[in-house]
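Protein chains in written order, with my numbering: chain X, 1 to 460; chain B, 461 to 920.
By construction, these hints were calculated from the structure, which means they are not laboratory data. Note that CB positions come from ideal geometry on N, CA and C, so glycine has one too. Please note that the accuracy of each hint is not assured.
To give an idea of the interface, some chain B residues facing chain X are shown, with a C-beta separation under 7 angstroms as derived from the structure [stated by the list, open to error]:
no., residue
1, E495
2, A497
3, E742
4, A766
5, V824
6, S830
7, F911
8, F913
9, T915
With a straight-line cut-off of 25 angstroms between C-alpha atoms, the simulated BS3-like cross-links for lysine-lysine are [to be verified]:
no., chain 1, residue 1, chain 2, residue 2
10, X, K148, X, K167
11, X, K226, B, K737
12, X, K285, B, K820
13, X, K379, B, K820
2 protein chains.
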Amino acid sequence: MFETEQERDRMVEHIKDLIGRKRYAELRDELLPMEAADIALLCADLDEDVPLVFRLLPKELAAEVFVELDSDEQELLIRGFSNSELKEVLDELYLDDTVDIVEEMPANVVKRILQHSDPETRKRINEILKYPEDSAGSIMTTEFVDLKKDMTVEDALKRIRRTGPDKETINISFVIDANRRLLGTVSIRTLLLAEDDDVIGDIMDSNVISVQTLDDQEDVARMLSKYDFLALPVVDTENRLVGIVTVDDAIDVLQEEVTEDIEKMAAILPTDKPYLKTGVFETFKVRIPWLLLLMISATFTGQIIAHFESALAAFTVLTAYIPMLMDTGGNCGSQASVTVIRGISLNEIEFSDLPQVIWKELRVSLICGSVLAVANFAKLILVDQILFHNPAVTVTVAFVVCVTLVCTVACAKLVGCSLPMFAKRLGFDPAVMASPFITTIVDAISLLIYFRFTTLILGI
Amino acid sequence: MFETEQERDRMVEHIKDLIGRKRYAELRDELLPMEAADIALLCADLDEDVPLVFRLLPKELAAEVFVELDSDEQELLIRGFSNSELKEVLDELYLDDTVDIVEEMPANVVKRILQHSDPETRKRINEILKYPEDSAGSIMTTEFVDLKKDMTVEDALKRIRRTGPDKETINISFVIDANRRLLGTVSIRTLLLAEDDDVIGDIMDSNVISVQTLDDQEDVARMLSKYDFLALPVVDTENRLVGIVTVDDAIDVLQEEVTEDIEKMAAILPTDKPYLKTGVFETFKVRIPWLLLLMISATFTGQIIAHFESALAAFTVLTAYIPMLMDTGGNCGSQASVTVIRGISLNEIEFSDLPQVIWKELRVSLICGSVLAVANFAKLILVDQILFHNPAVTVTVAFVVCVTLVCTVACAKLVGCSLPMFAKRLGFDPAVMASPFITTIVDAISLLIYFRFTTLILGI
Chain X
1 MFETEQERDR
11 MVEHIKDLIG
21 RKRYAELRDE
31 LLPMEAADIA
41 LLCADLDEDV
51 PLVFRLLPKE
61 LAAEVFVELD
71 SDEQELLIRG
81 FSNSELKEVL
91 DELYLDDTVD
101 IVEEMPANVV
111 KRILQHSDPE
121 TRKRINEILK
131 YPEDSAGSIM
141 TTEFVDLKKD
151 MTVEDALKRI
161 RRTGPDKETI
171 NISFVIDANR
181 RLLGTVSIRT
191 LLLAEDDDVI
201 GDIMDSNVIS
211 VQTLDDQEDV
221 ARMLSKYDFL
231 ALPVVDTENR
241 LVGIVTVDDA
251 IDVLQEEVTE
261 DIEKMAAILP
271 TDKPYLKTGV
281 FETFKVRIPW
291 LLLLMISATF
301 TGQIIAHFES
311 ALAAFTVLTA
321 YIPMLMDTGG
331 NCGSQASVTV
341 IRGISLNEIE
351 FSDLPQVIWK
361 ELRVSLICGS
371 VLAVANFAKL
381 ILVDQILFHN
391 PAVTVTVAFV
401 VCVTLVCTVA
411 CAKLVGCSLP
421 MFAKRLGFDP
431 AVMASPFITT
441 IVDAISLLIY
451 FRFTTLILGI
Chain B
461 MFETEQERDR
471 MVEHIKDLIG
481 RKRYAELRDE
491 LLPMEAADIA
501 LLCADLDEDV
511 PLVFRLLPKE
521 LAAEVFVELD
531 SDEQELLIRG
541 FSNSELKEVL
551 DELYLDDTVD
561 IVEEMPANVV
571 KRILQHSDPE
581 TRKRINEILK
591 YPEDSAGSIM
601 TTEFVDLKKD
611 MTVEDALKRI
621 RRTGPDKETI
631 NISFVIDANR
641 RLLGTVSIRT
651 LLLAEDDDVI
661 GDIMDSNVIS
671 VQTLDDQEDV
681 ARMLSKYDFL
691 ALPVVDTENR
701 LVGIVTVDDA
711 IDVLQEEVTE
721 DIEKMAAILP
731 TDKPYLKTGV
741 FETFKVRIPW
751 LLLLMISATF
761 TGQIIAHFES
771 ALAAFTVLTA
781 YIPMLMDTGG
791 NCGSQASVTV
801 IRGISLNEIE
811 FSDLPQVIWK
821 ELRVSLICGS
831 VLAVANFAKL
841 ILVDQILFHN
851 PAVTVTVAFV
861 VCVTLVCTVA
871 CAKLVGCSLP
881 MFAKRLGFDP
891 AVMASPFITT
901 IVDAISLLIY
911 FRFTTLILGI
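So that you can see chain X by itself, here it is in the shape it has in the complex (with noise of 0.2 angstroms):
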């Protein structure tokens, strides 16, 4: 673990200056004692020499450090690979993981990559692959620890002694039907703690949550979560089991989901690739359809402005206001978009608290309202009129911002709040519904709402 990016240069300096002077032995027993996670995260420094640093690890080490390297690194290796290196790494990795690798690999790797397995993970990784992308299907792993109900303690632990090494975990195993139901599950420790002749049927437990093939990854993630499980079966449609998802595999699901939420309520579309990753054509076309359809948008605010030109062209003042009442605005629809939007994805708030919610936005917005507005009348008056001697920033002109501040604080919690409870109910991506989308509606409305009291109040 590298505490600083000074600390990671300083052996990225430490282990080239070894292979310059050709100290292999010596670079292999500093690699040796540390993470997998680490080894990779300096070999993205190591550029041409990550071939040899990858030679002089034992191969169970080489495989986990090959798994945390970023694809194009993996296929860089995997080119200069001879075919019995590869095959070497391929019978150490982890079934779900060569899946990862295949689906990220051009058309040709892959086909080197599946010459090199044997059949049966080969049988294994085409099923695997044909799970849409997302599902539930596409993380599982096949390699579990199955066992029969009529079996005692003693036969269960015996077969997770053979079976284990290749198994992905071991803390769970699943108990099957000779149709290869899915009957229940038990735990490492249940196991351990029961008699050698304990029959599995009796101690396991039979109350099994489970997920389908089909099932999108994210549920199945916040299920992992929700239920603290370390692992969750996935049956297909008749309950069989194929394979089981395990909760590092949830974590991770879990991160791009944030990532890909985070980067919708910024009105990018998600990607699912590091940002240093991304060419810039790649990140220009996930940027510029929400850009192009705000701006749009945005200028049809403008058309509310034209037709109170003249209004504007009596009290040229009133447009100095517009950026503080359009962004204040936008900021309040944002809080509270984004604290629903939130609520809904970690599922604190459902479409039934609409009102409950509704409600308590409006109190917070009339709170809030009331302080800017009291705040800005404040400045309005002792700066812009007292200090800058702005005569044309009379008490009614005063009035009139703080009165459309209130309203439009109002009006942007209540958007804010309600827009992405319906999108949810109408089965939107309620993320989308975040900040920008919502800043441009509230514009044209506290622009309406402003226009409204100046022609109102200031009777033009």
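With chain X held as given, fit chain B onto it using these hints.
Same frame as chain X, now just chain B:
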């Protein structure tokens, strides 16, 4: 698991019906196969029936449900418990859960809980309570399996069988010396796959990664996720093992921290309560500081407009394009800032990447800006000039607007990507440098550019 709200509501109705008809045995049989987290969900809608339902459950399940309840429901239950009931629940709880509950309860309830815990537990609770909020110490549990390095595998398994029932996890055991200093870890898998007379010191993993009690809980959670660990040892300054953090708690921490980041990005001070449980005044308090600050900053944007009042009076049509320019600038800035903030929090982007990030954003912004400018030019000429016959929209005006647009987009992207990185470098939270903050800055910049071009090209 309830798939929909409707399903859950039906179940709540059904339970209330059973209670109304005093069919307690039947109710118990319905509840027994459910997961604790689901029963807790039901309790949220069962109101005054919660204590009754709770008393129907066997004590292990009751304790599991208790942990999953909201803190106000927990408080209500504890207040209703007899002393012996309280003791029974407390005996079943894991230490870290008890600590979580103690942290949320008012003083008189805490006193009752501590009175009814056994002295050893009380001492441990008090120790954990001493650690600062958000530290590794505050989320760890002290219930782990410890082994000595000269034990044989047989001894170790015996010890796990004997002490296991009270431990939070038996999947990993921690090897310590006579001074409780951490020597290594050994997984249950390694133990099961080893020979009975192997010695722990020989099979343990001595390259052990640990955290210190005062380390930030977010770093701890990220480490668990990075290394795919199920538990991470927590040591004091003298490397003595004092506790462990398990993966389920790490997931909760990650979720909390994401919520905090999202809140900060939306200019809200972080809270740790679910939305519907937060009072109106509390919500007001976390929202108003940024609103006030941003409103005041936005009034300075207004000064820019006031300064160019004469230009606007001559060309009132220019005012109509202010919202579009400001919004687009804000959207571009927030896209860049949010992408970079997320990259920083996932450790994908570091300060040394700044030149690369800026160079990339510059190119993206030029492409985005050009596309937006072309679209906007077409709209100005085709819609505003030709369709709406607005003679004020000349080709020169359209040109000014579009050149401003390109410059605004570029500035917005550059400010958006660099501010979070500087914030991080200076030790501030980059998440604060998100949309609202960036928008305010970009607003001012875009108006300055707009008026500069206006005076320059239109010669006002």
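Going down the list of hints, with the structure as the test:
Taking 7 angstroms as the C-beta contact cut-off toward chain X, the hint placing B:E495 at the interface holds, the least distance being around 6 angstroms. This hint holds: B:A497 has a C-beta 5 angstroms from the nearest C-beta of chain X, less than the 7 angstroms allowed. Nearest Cβ of chain X to the Cβ of B:E742: about 9 angstroms, over the 7 angstroms cut. The hint is violated. Residue-level restraint check for B:A766 holds (minimum Cβ-Cβ distance to chain X is 4 angstroms; threshold 7 angstroms).
The interface hint given for B:V824 is met, as the beta carbon of that residue sits about 5 angstroms from the closest beta carbon of chain X, less than 7 angstroms. Proximity of B:S830 to chain X is violated relative to the hint, the smallest CB-CB distance being about 10 angstroms (cut-off 7 angstroms). This hint is violated: B:F911 has a C-beta 12 angstroms from the nearest C-beta of chain X, more than the 7 angstroms allowed. The interface hint given for B:F913 is broken, as the beta carbon of that residue sits about 17 angstroms from the closest beta carbon of chain X, more than 7 angstroms.
Because the closest C-beta pair between B:T915 and chain X is about 16 angstroms apart, greater than 7 angstroms, the hint is violated. Between the alpha carbons of X:K148 and X:K167 the distance comes to roughly 17 angstroms, so the proposed pair stays at or under 25 angstroms and holds. Note on X:K226 and B:K737: the hinted pairing holds, with a Cα-Cα distance of about 19 angstroms set against a maximum of 25 angstroms. Taken as a hint, the X:K285 and B:K820 pair is honoured in the structure, with Cα atoms around 14 angstroms apart against an allowance of 25 angstroms.
This hinted pair does not check out: X:K379 and B:K820 have alpha carbons roughly 41 angstroms apart, beyond 25 angstroms.
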